[in-house]
Structure formats: C-alpha cells, structure tokens
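Protein chains in written order, with our numbering: chain S, 2 to 100; chain E, 2 to 100; chain B, 2 to 100; chain H, 2 to 100; chain P, 2 to 100.
Hints listed in this document are in silico derivations from the structure and should not be mistaken for laboratory results.
Careful, some of the hints might be misleading.
No distinction is drawn between identical chains; accordingly, a pair holds when it is met within one copy or between any pair of copies.
Claimed, not checked - Distance condition first, Cα-Cα at most 27 angstroms in a straight line; then the derived DSS-like pairs of lysine-lysine:
hint : residue 1 : residue 2
1    : K97       : K19
2    : K72       : K21
3    : K97       : K21
4    : K97       : K72
5    : K97       : K24
Since the model is a prediction, treat every value here as computed from it, not as a measurement.
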Amino acid sequence: MQIARVIGSTIATIKDPKVKGAKLLLCAPTDASGREVIGGAFAAVDVVDAGVGDQVLVCHGSAARQTPVTKDAPVDSVIMAVLDSLHVDGETVFRKGRD
Amino acid sequence: MQIARVIGSTIATIKDPKVKGAKLLLCAPTDASGREVIGGAFAAVDVVDAGVGDQVLVCHGSAARQTPVTKDAPVDSVIMAVLDSLHVDGETVFRKGRD
Amino acid sequence: MQIARVIGSTIATIKDPKVKGAKLLLCAPTDASGREVIGGAFAAVDVVDAGVGDQVLVCHGSAARQTPVTKDAPVDSVIMAVLDSLHVDGETVFRKGRD
Amino acid sequence: MQIARVIGSTIATIKDPKVKGAKLLLCAPTDASGREVIGGAFAAVDVVDAGVGDQVLVCHGSAARQTPVTKDAPVDSVIMAVLDSLHVDGETVFRKGRD
Amino acid sequence: MQIARVIGSTIATIKDPKVKGAKLLLCAPTDASGREVIGGAFAAVDVVDAGVGDQVLVCHGSAARQTPVTKDAPVDSVIMAVLDSLHVDGETVFRKGRD
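With the rest of the complex left out, here is chain S (with noise of 0.2 angstroms):
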C-alpha cells in the first residue's frame, strides 16, 4: 500500500452512477516521514473517514473494489486506513499530530 497524505478534496458532479455516493478525496504520495511528497496529486475514495491532513494507507488496482462502497465500481483507489504511526529502524519517523 502506498504511503500518502490526505491534501484536499474533489467535486465533481458529472461522474460515473457507480460512484456517486463515495467520497474522493485528493491524495499525494510522501516518503514514510509524510514531510516529502514524491509523486503527483490523485483522486482516492475513502473508507475509513479521512480528513484533510491525515496520514493514510492507499491501495491501487482490483483490490480497490474489495470494499463495500467501491464494489463493481470504476475506482481504481481507495483508502483504507489513517496511520497513527510509521516506525523505521527503532525510531518512529511518523507521528499523527506530531506537527
């Protein structure tokens, strides 16, 4: 699963019937700090009730339909956890609220 922060939101309201009831929030890929960002911003569906901030866990491709929201949908996204921590050789290199 991909590491990244929760950056913003989307609205869109000419979409696919399939995902009209799912939440798509902006996400962009960091390194395990969450102090870099690595990649290019993209859409995601939450789950798991993330906010703008959040430190996640996005999983890609087929598994993005294994939940209840995003089943038989045209997602290719989804998060499906908030970390509260990401720990690296003993030390904790990611804390919720640390900054």
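We have chain S; now place chains E, B, H and P onto it with these hints.
Then chains E, B, H and P, alone, in the frame of chain S:
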C-alpha cells in the same frame, strides 16, 4: 484515480470488435491545478460525455471495465468523472471554466 | 490505452502453450504525434492485424486477456486498435501514412 | 516479484475491517544485493512472519489477495517470501545475515 | 510483455505454501537488443525452463497466474517465453547465442 485533461480525440477504423461503439479520447495527466502536464498522453474510453478541455478523473486497470460500455472489453483506461473543482488546503486550485 | 508504434517482431520457439498461436509484435511507446519514442520497447499480442510502422493503441493488464486470442493466457499487453489519426486542440498531430 | 527490505512497521487504529488482523510492515525496494534502496517505502501485509531487516519478495496487485490472510481485502502488496540468498552470474550477491 | 534477461536465481526457504514448488529466477529488464539493462532486477516464476543468460519475455500482474504452476498463487511475474530473436525495422537486433 488519475487527474487528467482531455486534449483531443482518436480515429481508429481497425479496432477490437468490443470497442467499436466506444468514444476514445486523448488525455494528458496533469497536476491538481490542471495547469501542468506531468506525463505522456494516452487514450481513454469516455463514459461521462467529456469534451476537449475538460479536467477529468481517469481510472486504469480492471476498474476501467466496470461500466456498461467497457464490460469485458480490451480497455484499460476510462474517464469516469468530469471535475468541477479541486481544493487543496482550503484553497481552490482548480475550477471548471476558470481559465 | 497506451499510444505506441509497432517497431518489429519476435521469434520465440519456447513459450507457454496458451500463446503458441499468438502473433507477438515489438512496440515502442510514443508521444501522440508518433514522432518521439518515450519509453522502452515491449512485446504485445496483435489481434487487429497490425504491421511494422503502424501507430497503435495497446492495453495492458487484465484488459489484455479480453480477446478470443488471449483469453486465459499469460499475456499482459495487446494491440487492440490501429490508429488512423490523432487530433489535439483542433490540430491533426498524427495521420497514418503521413510520413 | 519485487526485491525489498523490511525497514519498519506501521500502526493504524482506523482501517478497513478486512485488514484488522493483518500485520502491515514497511518495505523499501532494493537492488539485488540488498545494499541500495531504489524506490520509496511502502506498506505490505506480511504472511511469512518476516521481520525488520529481512530481505524479502513482495508481490503487488491482485496477486496480493491470493493468501488466506488477504483474500477479498483491500490490499495490493504482500510479502510472500523471505530471501536466504540471491545469485547473479555465479556470484552470491546477497546472503541472509551477511552484513 | 516485458523484455528481460535472466541474470540469476533466488533461494528462499520461507515462502507462501502456494509457491513452494515454483522456480524463482532473477531477471533484469533490458532494451530490445538485450545489451542494455533499463531497470532494477526482480524475481519471476519460470514456466518455460529458462536459464541464466536467456533473453525472455515476462508478463506481470494477473496474467502471471494464468499457468498451471502459478494458478491462485501470490505471484505477479512469470517468464512465459524464451526469445530466439528480435527484429526491428528489418534488422535483427537480438539473436540467441550471438554474444
């Protein structure tokens, strides 16, 4: 889902029978503001009546077959939403018709 | 779908039984004009009788198995359209037989 | 399968119900020798009892759901092997416990 | 399918039960001539009795599970052909045993 702009259209007389009726548009991946192109152009099936200049969301992979138009077809990219606006950190970074 | 040009052919006596009858062509990803190669060459199964020099659309992933030739085969790329022309912002950026 | 090193762990209280019991480790893609990191860190479900410092193989995409732990879950990366050694051109480029 | 060269082998005592019998080789993506490595090494299941030094085709993703050896296994890369030769613009850019 990838953020992209519809930049053009394709004409292909010879194609797989299952995509005969599909509208294939040319898209360019952009940043969230829609101002900067960040990757090479690609073709995607349009299921939301998008037009050239629209900022859209594209899903790739098996997700692209989760629409009536693309079901069981050799298609790996579909435009599944037309964006009205994108919001990052409380700021509107993209709004349809702005430019 | 990826925009690519057919640049050559492959010969492989030893291959998975399910791809024995498939025609495997060499492709190079290009920009929309077909003039600039933008990635490394790859092999794709041809289901539209494409030839060397043709500008084509290639789909990747499970989409590549959605044809009678590639069904249930270990194949992840298929040429599913031969391009006649590509149009960007009202301009014809590619036309078959132009060059 | 991608060659990677387990570099840490993740804590996420809020996550999709289907991944509640899964152990999510942090991985960094490396070269075959395990000495050089060649990409950004990501999270993967561990099904082989890997530990921090282990050199492992990770599969991505729908392959990651082909285990009892990850079946039907929104998971796109799974650690499916712990490497003992890697051999290139008759030379052992990686051996567990070497460094 | 990706063009790659078999560069070595892997030993992994601890692995998912479904890949116990599989032969896992190390591959490096190359250009069409087989002379230049263009990406990082990865592991793939061999189903065509390939050997070190062979120039091969590798399929990724769910395609990699379309063989008797890899069916339903957590495997995302399989060697499905051993190349005899590659031809670009009427020129033989690769021939087995040439070098």
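Verification of the supplied hints:
For the homomeric pair K97 and K19, the shortest alpha-carbon distance between copies (23 angstroms) is at most 27 angstroms, but the shortest distance inside one copy (33 angstroms) is not. Within a single copy, K72 and K21 get their C-alpha atoms as close as 13 angstroms, and across copies as close as 19 angstroms, so both meet the 27 angstroms cut-off. Taking the shortest Cα distances, K97 and K21 sit within 27 angstroms of each other only across copies (19 angstroms), while inside one copy they are farther apart (31 angstroms). Taking identical chains as interchangeable, the C-alpha atoms of K97 and K72 are never at most 27 angstroms apart, the minima being 30 angstroms within one chain and 29 angstroms between chains.
For the homomeric pair K97 and K24, the shortest alpha-carbon distances inside one copy (22 angstroms) and between copies (19 angstroms) are both at most 27 angstroms.
When each numbered hint is compared with the structure, a violation occurs for hint 4 only.
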